[in-house]
Amino acid sequence: MSDRVDLLLALADDELILGWRNSEWTGIAPFLEEDVAFSSIAQNEIGHARALYELAARELGTDADALAFDRPLEEYRSSPLVELRRLEWARTIVRHWLYETADAIRLEALMGSDDREIAGIAAKIDREEVYHRIHAEMWIDRLLASDDARSRVDEALEELWPYALGVLDDDLRPELVRRAEAKVGRALPEVEPVSRGQHEAELADLLVEMTMVRRSAPAGARW
Amino acid sequence: MALVFEVFRRERSGAPMQHAGSIAAPDERFAEIYAREQYGRRGESEALWLVPRGAIDEIAEFVDEFDLKYRRVDGYSIKERLKEARAAAENATRLRDAFSAGDQNP
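From first to last, the protein sequence lines stand for chains A and B.
The letter at position 74 of the first sequence is residue 74 when you use my numbering, and the numbering goes up by one with no holes.
The letter at position 76 of the second sequence is residue 76 when you use my numbering, and the numbering goes up by one with no holes.
The shape of chain A in the complex, shown without the other chains:
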């Protein structure tokens, strides 16, 4: 597998799995407006995944659905951060903010790529991610503004920070540290990143659920 395909799959898998995880809030988010907004963000992420899978599929001679649904668990390139099942709002928001912050750094680097297709798709994705970032930041600012909520953010950060570092390659990590510390207004611990290449146990259940329709109708489900 080329480095290019590996990069595209890492990005696509992150977006697909996070989109799936965020969509687990559909219908049960804290209030109606947030439910609509968070579900819409989840759909956007899955849309990004599709575009990225299509690029990779062209190189591999397959299609986007096959890449999204037919690979064995070990071949998924998603980072453990997006695999965690966090059905608790403060953790969900902290994960969302950490991911969007890391993703912005990654997209900025890709937009400067010599590969024009990669640079182009990164720019296109980034134009939608702008609103995801606004959403993530307004939430994190709001949570940091009250003592009770801030302590929940701190707890979530304690757990998720090593995972967030694992989203990015070594060279981009210092920028994530800089931006995250600037937001929370304190130093974050130097920890070993939970890096791509390993998977959370929860990913197995997610894949079973996510591929259910695909497995029941391999020729393509119709509604």
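In case anyone wonders, no lab produced these hints; they're calculated from the structure.
Below, in silico cross-link-like pairs of lysine to any residue (SDA-like), each with a Cα-Cα straight-line distance of 20 Å or less:
{"no.": "1", "chain 1": "A", "residue 1": "Lys124", "chain 2": "B", "residue 2": "Arg41"}
{"no.": "2", "chain 1": "A", "residue 1": "Lys124", "chain 2": "B", "residue 2": "Arg42"}
{"no.": "3", "chain 1": "A", "residue 1": "Lys124", "chain 2": "B", "residue 2": "Gly40"}
{"no.": "4", "chain 1": "A", "residue 1": "Lys124", "chain 2": "B", "residue 2": "Gly43"}
{"no.": "5", "chain 1": "A", "residue 1": "Lys183", "chain 2": "B", "residue 2": "Arg29"}
{"no.": "6", "chain 1": "A", "residue 1": "Lys183", "chain 2": "A", "residue 2": "Leu157"}
{"no.": "7", "chain 1": "A", "residue 1": "Lys124", "chain 2": "A", "residue 2": "Gly112"}
{"no.": "8", "chain 1": "A", "residue 1": "Lys124", "chain 2": "A", "residue 2": "Leu110"}
{"no.": "9", "chain 1": "A", "residue 1": "Lys183", "chain 2": "A", "residue 2": "Asp147"}
{"no.": "10", "chain 1": "A", "residue 1": "Lys124", "chain 2": "B", "residue 2": "Arg36"}
Assemble chain B onto chain A, guided by the hints.
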């Protein structure tokens, strides 16, 4: 959930702003994102206006003690008069046709 915003949307350039609905949000930042997602994510709006409900002056009481019907567009009923005019026109046509057919006392 402190604030309610009334949302107006414009479907296409040149069209009037029309009331789309309302959203509840803790502050303006949240309101902007929520309005975008609820009234713009399907490309159905070209522009949105967000108006804090408190900024709206509502007038909901109208006095018409002297029944000044003539000031209303529906003040004159022309339905009956139209009916009469149509009947008269029909009658005139019938008489003309009868005369031209040679009937002296139709």
